[in-house]
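Novice: Order-wise, the sequence lines are chains B and H.
Going by this note's numbering, the final residue of the first sequence carries number 657, and the count climbs one at a time with no gaps.
Going by this note's numbering, the final residue of the second sequence carries number 1246, and the count climbs one at a time with no gaps.
In case anyone wonders, no lab produced these hints; they're calculated from the structure.
These numbers were taken from a predicted model, which means no experiment stands behind them.
Check the hints yourself; a few may be wrong.
[Unchecked claim] Each computed EDC-like pair below joins lysine to aspartate or glutamate, with the alpha-carbon atoms no more than 16 angstroms apart:
id, chain 1, residue 1, chain 2, residue 2
1, H, K1141, B, D130
2, B, K129, H, D1143
3, H, K1051, B, E461
4, B, K587, B, E632
5, H, K1113, B, D198
6, H, K1141, B, E128
7, B, K655, H, D1134
8, H, K1141, B, D131
9, H, K1141, H, D1193
10, B, K346, H, E1152
11, H, K1141, B, E650
12, B, K346, H, E1226
For reference, the chains in residue letters:
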Amino acid sequence: MKVIYSDVLVIGGGLAGLRVAIGARRRGFDPLVLSLVPPKRSHSVAAQGGMQASLGNVIKGEGDNEDVHFEDTVRGSDWGADQAVVRMFVNTAPKAVRELAAWGVPWSRVRRGDREVIINGQKVTLTEKDDAHGLIAQRDFGGTKKWRTCYASDGTGHAMLFAMGDQAIAEGIPVLERTEALSLIHDGRRCHGAVVRDLITGELAACVARATVIATGGAGRLYRVTTNAVINEGIGHALALETGVAALGNMEAVQFHPTGIFPAGILVTEGCRGDGGLLRDAEGHRFMPDYEPEKKELASRDVVSRRMEEHIRKGHGVQSRFGEHLWLDITLLGRAHIERNLREVKDICRYFLGIDPADKWIPVRPAQHYTMGGVRTDHTGQNPSLAGLFAAGESACWDMHGFNRLGGNSVAETVVAGMIVGEFVADYCEGAELEVSTKLVQEFVDRERAYLASLCNGGKEDASALRIRMQDIMTSKVGIFRDGGDLASAVDELAELYRRSRGIGVGSHAPGANPELVTAYRTQKMLRLALTVACGAKTRTESRGAHFRMDFPQRNDQEWLKRTLATWPDPSADFPTLSYEPLDIMKMELPPGWRGYGARNQIDHPDTAVREQQVKDVRERLAAEGRFAIQEALMPYEHLLPEAIRGRNERLGEKLP
Amino acid sequence: MTGQPSPRRLRVHILRYNPAEPDKQARIQTYEVDEADGMTLFILLTELREKQDPSLQFDFVCRAGVCGSCGMVVNGRPGLACRTLTAELPADITLAPLPTFELIGDLSVNTGKWMREMSERLETWVHQRQQEVDLRRHEEKMDPDLADEVYELDRCIECGCCVAACGTAHMRTGFVGAVGLNKVARFSLDPRDERSDADMYELVGNDDGVFGCMSLLACNDLCPKELPLQTQIAYLRRRMAKQGAG
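Input sequences plus hints: build the corresponding full structure.
Specialist: Written out as structure tokens, the structure is:
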């Protein structure tokens, strides 16, 4: 048995995983990163539009700060987020941008003086301040009160991931490229690493570590139409679920991005609308102001996606041989702007649609985009049931996004979580020696070896066919509009596919990577996860954020202001076990209310009015003492942050002493 | 009622070889597929693997032309398979793995290992004497035009097409390729990197570096991101020659 030892095993080489590894290294520990692909090819690279951080350097960001970013994020989450975690995040995001600036990210910068922009379809002249010249610029994104999204043209994820990847190389962090984790090694109380498979040679090994971090990104490939990369199959989520001990949180919270190009589902950035692009229907009519007079195209993603589908259902979609779509119009931004700030969009339109978006409208329709749910952790990133198991980024639910993530908060979360969780992982390692029996490790390796052998043992089920059917069910029945009947039939059908997956057989016995075997062993994991999403959605009889039930259209704080937890304790069971974790309104800095966009018809929790009054009293009592004192009185959080990254953030209007 | 015109029947010839089975000869295997509207080589190869041959090896990740995983030789030219539309190709399509990289199997090559070695050798990160930055304070200012220029060179996706197409890389296994030279140009341009021309000369002032380039410039013609490689290599060579002459 080959055993590879490290202090911190990081599963996933995207932005979150790499930043955790760098954090652990800087505290003197030996990290080892596992990555399905070379780290710079991770899905983080595909983030286009930018990263939210309340620097407030541009004139339309004036007055921005952590408080505004906090409120936007909580409203965006439809009050599903853990508000203390959101506070930790918004205070660290400016530091994360500045760290990346020092590491070489070519952030787009503010230019002093006048510039012409498009706001609400109109040309407007903005005058940028002299003292902002050369600082990092921000653009507008959906669901935000201020221009807050820092960017490097529209290749932000690429620029961030390359700087991070090179920084990891500079720190000498080893990466096992093309290596996949098959299962977590654990004793029911503590996680000791993972059984891994080399995707070049097919060999199995055990990676044993003091701490194990899941940073594997999202699970978009559960759906047929998704903006996600083909590697985003949710395997990291499934690894945690298959321990039977660790829980996944809010897996039914799935985001659909308004502008996937039609029909391929490839993303074009929210920056298109942030920079002034409009959505139009078959008649060329700009329809979003009819539905969302306040925020129009720039309401949160869940709201815009629903309005688009609603408009198509009313018969205003553009007919095409692949089905119906709508238009994204960025022609009004002008060629110069597109070629400087939206060049990836231009490339995508040119190569995949054969059009020039400076001249022609882009065919779009909402596509699966983001997995809000993930491995449940506390604010340190550690799973509460399995010591030594951490998660960070999209694969985690610590829980920053609740039921809807704001655009620009995803790459921001990856690096912020990496900074925070990296410190806590190091803290954990300081008090946790490697304590694992080789017998246990051998048992886990043997179990995986036996499973792979069983797949090559004449089973008749075709993994690809099961997977395609699963993706179709998820897209058609567990999508943007959900109802009890569809969800019940989705759960039944997925359960049937899951049962059939026990009979998956692989025809090819070729040595080496064997892609057929890879598809086979991932498919059952994906089916478990799909069932977890569908069961969570079926049980949650309310609408919140991206989870919209046509049969229960109200947000119901009275009964459903709680987080779904799913475990799979019995491997022979056909369904996950669901339980619920309430959110305490009496501890919230921002009690539940209307989001400022979308429907205005929630069922209030009795605590809401009580807490609102308390918050109002505190604000009045401390009005003279400023925002920091008020915040501290409402919901203290700074003690939750690692000491190394505490502290206020400097802004043009807010100097540090 | 007019029916749809019948789709083209594509004949896809793929170079097959699995290094884990050294006894089996490398061979060209031909598959036939009906072309679909908007079909890319990503869609085509995925369909082949799902429906005809699950053993076929290839690499796709983003399938949107931004991650650089799917470089392969398409009818003799290195390019990104994911954004190559079959409509732009003849009905006979020949696919081969990128040369100069270690073969993993069929169309899959180990560009990741090559790129990591190149990054370690050229130290493709910002070198600053002062290590600790106070993250609570304003970032260093940078001229907006200069930031755009750095971004332009930062757009490289390390797909390896420039290396596969490079005459020198075929002859000298240690050659850093246009990808490496572009990185040196990128970090030289970046004011945050404090390395001097003399430092860069240590890295690329030789035949495995900028003086190995024979100016055939297929890199410039084939770069999927249309990076200005010709200009950057010429500019770097002039500066390095000057540096070498002392």
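Novice: Are the hints correct? Go through all of them and say.
Specialist: Each hint, compared with the structure:
1. K1141/H / D130/B: The hint holds at about 12 angstroms.
2. K129/B / D1143/H: Distance ~14 angstroms between K129/B and D1143/H Cα, so the pair holds.
3. K1051/H / E461/B: Cα-Cα ~14 angstroms, so holds.
4. K587/B / E632/B: holds (12 angstroms)
5. K1113/H / D198/B: holds (14 angstroms)
6. K1141/H / E128/B: Holds. K1141/H to E128/B sits at ~15 angstroms (cutoff 16 angstroms).
7. K655/B / D1134/H: holds (14 angstroms)
8. K1141/H / D131/B: holds (10 angstroms)
9. K1141/H / D1193/H: holds (14 angstroms)
10. K346/B / E1152/H: holds (15 angstroms)
11. K1141/H / E650/B: Given pair K1141/H, E650/B holds - Cα atoms ~14 angstroms apart, limit 16 angstroms.
12. K346/B / E1226/H: Roughly 13 angstroms between the alpha carbons, so the hint for K346/B and E1226/H holds.
In summary, this structure violates none of the numbered hints.
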